[in-house]
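Below, each chain spelled out in residue letters.
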Amino acid sequence: MLRDAFFKGLRDQRRSLLIWVVSLTAYVLMMCFVFPSVRESAAGMQDYIENMPEAFRRAFMGESTDFGSAVTYLNSELFAFMSPLFVMIFAIGLAAAQIAGEEENGTLSLLLAHPVSRTRLLLQKFAVLVAGTVALCGAHLAAMAVGDVAVGLDLSATSLLGAHVSLVLLGLSVATVAFAAGAATGRRGLTIAVGAAVGAVAYLLHVVAPMVESLAWLRKLSLFYYYGGAEPLRLGLRPAYAGVLLAVIVVAALVAWVSFERRDVHV
Amino acid sequence: MALAIDTEHLTKFYGESRGIVDVDLDVAAGDVFGFLGPNGAGKTTTIRILLDLIRPTSGAATLLGLDARRDSVAIRRRVGYLPGEYALYPKLTGAETLRYYGNLRGGVDWPHVEALARRLDFDLKRRAGDLSTGNKRKLGLIQAFMHRPELVILDEPTSGLDPLVQREFYGMVDEAREAGQTIFLSSHVLPEVQRVCSRVGFVREGRLVAVEDVAALGTRAVHRVEIEFAGPAPKDEFAALPGVGELTASDHRLAFTVSGRLDAVIKTAARHEVVALTSHEPDLEDLFLAYYGERAGDAA
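Protein sequences appear in the order of chains A and B. Residue 123 in the working numbering sits at position 123 of the first sequence, with consecutive numbering throughout. Residue 19 in the working numbering sits at position 19 of the second sequence, with consecutive numbering throughout.
In isolation and in its complexed conformation, chain B is listed as follows (with noise of 0.2 Å):
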């Protein structure tokens, strides 16, 4: 399958501190890859490589098989980018912004701008500057998709995004891998990634640690389960369950984490009389810990 995004051995440093390191990043045309880490872990850092904003200090980048020094104004043609942080011109309006963003393009499907506008609920007749953190990020997205791209890249896309907001880019995430786009997207929250990402890739300290299949870290993930029981805590039961541990109990109540699947952990709490249960997503931390702990302590 062809590759949209492809670097080898990408590494960046300013001066002495540390930007990436060795990055070897495949992304299959097609594909929502999530590029996940916590902040300072390097996406940033990758992403403005790719797009030849700052220049490698060693290591290539191609984009939908053009290099990315060289043939930069070509592959910014038929890319779509949401910088993490950006400014707008406070003096323009929303449209008159995306008309300017549109003509560096040789123009655009100005409908599109607009149904792109009243599906986020985007006022194009506002000032840039008087706009709220949440409708800059608007304006950004519809930058981004308003050429249909065949590959989009986005930077923390759905930070300072209210929760409705965010559903409906969400949705456009969808709709662009239905029309065959390829997106790219850093976050720091795991949950966002295993909603609309089929691969993610784990960041940190300059290093891609690991590339999974979201679907296989649907099973593989840590819960953090606790439950409050009418009667004595069954502890016996449920240390012995599969992939249970860290169990500690005291009267009533269990304490544990569930690697994989929670099927076994229900089933068997249902055989006793459960006054509360909750379940915690696992952080980022946490996730590196269980999986990745060696790997990710060489890294550090």
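The shape of chain A in the complex, shown without the other chains (with noise of 0.2 Å):
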């Protein structure tokens, strides 16, 4: 585990990737486990659902109102805030750890006085934040897999997995933004704050701007917008959308890599 700079960072992820596992496939179990009893009472809760404004609706259920339906419920419960929120701090953590991690802690110097190109580096610990990033999202959708069959959830797989793909996306394409702000800056700090910021505009944006008809086209700019909102769940994965994300990963990638690059390499 020790052969270059992106095993290391595996490594030196194990534990939290294993307790970030753990907690989240709980907590999609959970959710799954808890969802028969849900939709027994599905029906008294319709009124209230319907008569909750309806900006506030749609940006926690999307479209549907049904909250009887399992797409539905998962979207509500997962897809809609929780599930990004839990792969977002992981994966800005994540993206934290790498460069400006290992500047902030000393070790980049000496790491970078072996012979190994800046760019190979800044691959590799790109690596690290997407193999981490897909690890975790794989692990909600094998809990997601394990909870259809449980309870007889019904999911159909290409839209859970493209749900899924739209996850990873939505998480990287925030801890990208932050991964690059730690490689121009090598600032530990400042890449969990950009992230930070990056992610909570993002989701500002997706519930406030369709309330005020005027600044509905705002959503458009939120990363939420292209993830699938509120139903990735009911929307799948949609081509378009996706590339959009995956532009600004490369966008915020190409920019890690210039900067860090060009830039001097702090003691």
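In case anyone wonders, no lab produced these hints; they're calculated from the structure. Among the clues, some could well be false.
As the list claims (entries may be wrong) - Straight-line alpha carbon distances no greater than 25 Å define the calculated DMTMM-like cross-link-like pairs of lysine to aspartate or glutamate that follow:
(1) B:Lys125 with B:Asp109
(2) B:Lys136 with A:Asp4
(3) B:Lys136 with A:Glu104
(4) B:Lys136 with B:Asp174
(5) B:Lys91 with A:Glu104
Values in this document were obtained by computation on a predicted structure and should not be read as measured data.
Two chains, two frames, some hints: make the complex.
This is how it looks when you write it as structure tokens:
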């Protein structure tokens, strides 16, 4: 596991990743297993749901108002907020531990005294970020698949997979912007702050913009819009939308590369 | 003779503040070169440019015939480096740390690593997070030497080492020289440079103010000498000696500086009954003031 900076990076994250996987899996399973009892009382909740201000309802449930449907329920309970939150916090933390983390810890100078180009190091560090995020979302997917079978949620494999690809792309787009801030400055605190700000702004735009008619177009500036808003599980993977998230990732990674390549490394 | 390090007009500013200015440095292959100067003079800045960790504002550097910027990876394959300040991965043991660094070099001769560890009396099984400053430095030294680099660049290598380990380190430098490796080490301690180096460059306020052969330094060095006599101090005898200056005398005591060899002073003193004799190594500032007073004054 000490073969290069990528494997070393995974090794460094093994404990953290384990904790995140266990807690997220537990949370997802719990939400799946609670569903049958929610479905029984869904009829009673229908009035309440339909009386919610529409903008709120759309922010948390999307188009559907049928809480008795597994897809609506899981979108609302997991994909609309909690799962992206989990994934983004994890991925931003992981991004901060890469270039900026090594630099603030004081290990980067010695690492770069070895015959590893900055480009290669950056690629390997970015690969750690991607692998970690995919692993966590993979655990999320596995937990839902188990829940699906155990509780009989009757989810379509395509939309399940599509929603998780969207989740990976959302987490990575936020975290790669943070990663770029870290690569450009070498500052861990700034990396986390940038990630948190991008995630928070994206979420707020997604919730608030549709409430004001004249500002509705603003929602298209939110990463959440391209993720599938409150209903990735219903929408599945939409290539054009996923492409926007992918483009954000690619551009942020390029910024990370160019700025890290050019700048001085701090002692 | 081929140059291991060759810099031309190397200049680095950090925004407005001065790093180094116009450093022209030639280090011949096989030399042990001491880079001597007070803290903040620009030694670390120069070294970090050589390793391509920071980029010069202007000027260029060539190491082992390769461009410090463009061929940085190829250079680092052939260079060993010990930073002045660095951290280790606290959870890795010494052995794991060195395996990792070795892997980044495409593998390393492990028995050689173990031999270096034995030599520096370093326990490879302990976690880096539990190491003292001196032991961290030992791990850094092993890392810098373990792949038998052609050029070893060491930034203040002996700070934090106890005297016994320091001596072992000097031995390693001597052997490296015999094996034809080039050593470039920075220091702010003159005796250390005199002990291991063949040439020395003086840095002051970001400028390389002089480069000397260490052998020549020995005869030119300034000593501050105090002699206490049993009888009256023979002031005039000493004042007449070549190289003696700043002479002050009291009843039984003489204090003066000597530039160059102490031979005449000792032989003159031997004609009298001497109670005590002390001789101080010149400190860096004395040396500058004595020999580079004008030029150092310009730089300041």
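Cross-check of the supplied hints:
1. At most 25 Å may separate the alpha-carbon atoms for a hinted pair to count; B:Lys125 and B:Asp109 meet this at roughly 18 Å.
2. Annotation: proposed proximity of B:Lys136 to A:Asp4 holds, straight-line Cα distance about 22 Å (limit 25 Å).
3. The hinted pair formed by B:Lys136 and A:Glu104 meets the criterion: a straight-line CA distance of about 18 Å does not exceed 25 Å.
4. Distance check on the hinted pair: B:Lys136 and B:Asp174 sit about 22 Å apart at the alpha-carbon level, within 25 Å; holds.
5. Between the alpha carbons of B:Lys91 and A:Glu104 the distance comes to roughly 16 Å, so the proposed pair stays at or under 25 Å and holds.
In this structure, every one of the numbered hints holds.
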